[in-house]
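S.K.: Sequence:
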Amino acid sequence: MSAALARHSPSHRPRRGGSRIAPRERVRLPLPLVVGLAALVLSVVVLAFAVGLRLLGVGVSGPVPVAVAAERGEAGAARAGGAGTPGAAAAQGAATATATPGATGSRAASAADTRARQLVTAWDARRAVAWAASDPLTLRRLYERGSSAGRADVAMLRAWQDRGLRVADLDTRVLAVESLVDRPRLVRVRVTDQLAGGTVERVRTGAATGQTLPGDEPTTRVLVLVRQTRGWVVREVRRAS
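Numbering-wise (our numbering), the sequence shown opens with residue 1 and increments by one.
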């Protein structure tokens with residue numbers, strides 16, 4: 001009886017009108033495909049945002065520095081047209097204009113040094129003549145009036161005179177000259193010279209004594225020469241610092 005009741009219970013009774021309809025199942029996409037679609041959508045959004053910024057004139061990076069832009073422009077012009085392009089010609093002209101003052105200054109300095117060397121060499125030759133003649137008056141006239149260097153030089157010549165001697169063939173070698181001031185009537189120059197020697201003679205007879213002046217070490221001095229009616233004379237002599 002229990003089995004019959006079980007067969008006739010409501011849960012086992014078939015529906016009228018046909019069989020039971022099965023519920024619909026959800027379509028599930030593979031996980032890799034979902035991730036790929038999401039990445040594609042994100043890329044499209046980012047691209048659209050970047051294009052919008054460009055159209056609005058907003059750059060992603062900062063502005064290019066002016067110097068870098070100029071270098072890029074010159075490099076591009078050189079690649080496009082070589083040295084004959086207007087940009088290359090302008091750059092070459094600017095470089096020439098920049099280098100010209102330095103070259104002109106070097107030539108001017110060289111000319112001033114040459115002039116100073118000539119003045120010093122000529123003055124040394126005149127001094128050698130005065131010493132060979134044992135002539136203090138001529139030697140004094142090689143210096144400006146009141147020059148302490150002139151007084152010392154004349155005093156030294158007179159000391160030789162007092163012994164009846166003079167120095168001939170006085171050889172002063174100019175090793176280096178640097179013009180410090182170059183004016184039409186005044187020259188200030190740094191001179192490195194060396195006494196190479198000389199012969200000692202008797203004043204009265206001119207006979208050689210067999211003695212010679214030994215050479216000394218090079219000495220650097222600063223000389224100031226001024227131009228007077230009798231020529232260039234020494235105003236000042238001092239040791240270079």
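Just so you know, not all the hints are guaranteed correct.
Unchecked claim - Label pairs and their computed distance ranges (CB to CB):
id, residue 1, residue 2, range
1, GLY210, SER106, 40 to 50 Å
2, GLN228, ALA207, 31 to 41 Å
3, TRP160, SER106, 38 to 48 Å
4, ASP182, ARG204, 37 to 47 Å
5, ARG151, ALA240, 13 to 23 Å
6, GLY164, PRO184, 36 to 46 Å
7, THR121, GLU217, 33 to 43 Å
8, SER106, GLY215, 29 to 39 Å
9, LEU195, THR138, 17 to 27 Å
10, ARG158, GLY206, 11 to 21 Å
11, LEU165, ARG185, 34 to 44 Å
Because the hints were derived from the structure by calculation, they are not lab data. Just so you know, these numbers come straight off a predicted model, no measurement behind them. Quick reminder that beta carbons are idealized off the backbone N, C-alpha and C, glycines included.
S.K.: Now tell me if each hint is right for this structure.
M.R.: Now for the hints, and whether the structure bears them out:
no., hint, in the structure
1, GLY210 - SER106: 40 to 50 Å, "49 Å, holds"
2, GLN228 - ALA207: 31 to 41 Å, "36 Å, holds"
3, TRP160 - SER106: 38 to 48 Å, "44 Å, holds"
4, ASP182 - ARG204: 37 to 47 Å, "44 Å, holds"
5, ARG151 - ALA240: 13 to 23 Å, "21 Å, holds"
6, GLY164 - PRO184: 36 to 46 Å, "43 Å, holds"
7, THR121 - GLU217: 33 to 43 Å, "20 Å, violated"
8, SER106 - GLY215: 29 to 39 Å, "33 Å, holds"
9, LEU195 - THR138: 17 to 27 Å, "20 Å, holds"
10, ARG158 - GLY206: 11 to 21 Å, "19 Å, holds"
11, LEU165 - ARG185: 34 to 44 Å, "37 Å, holds"
Checked against the numbered hints given earlier, the structure breaks only hint 7 and satisfies all the rest.
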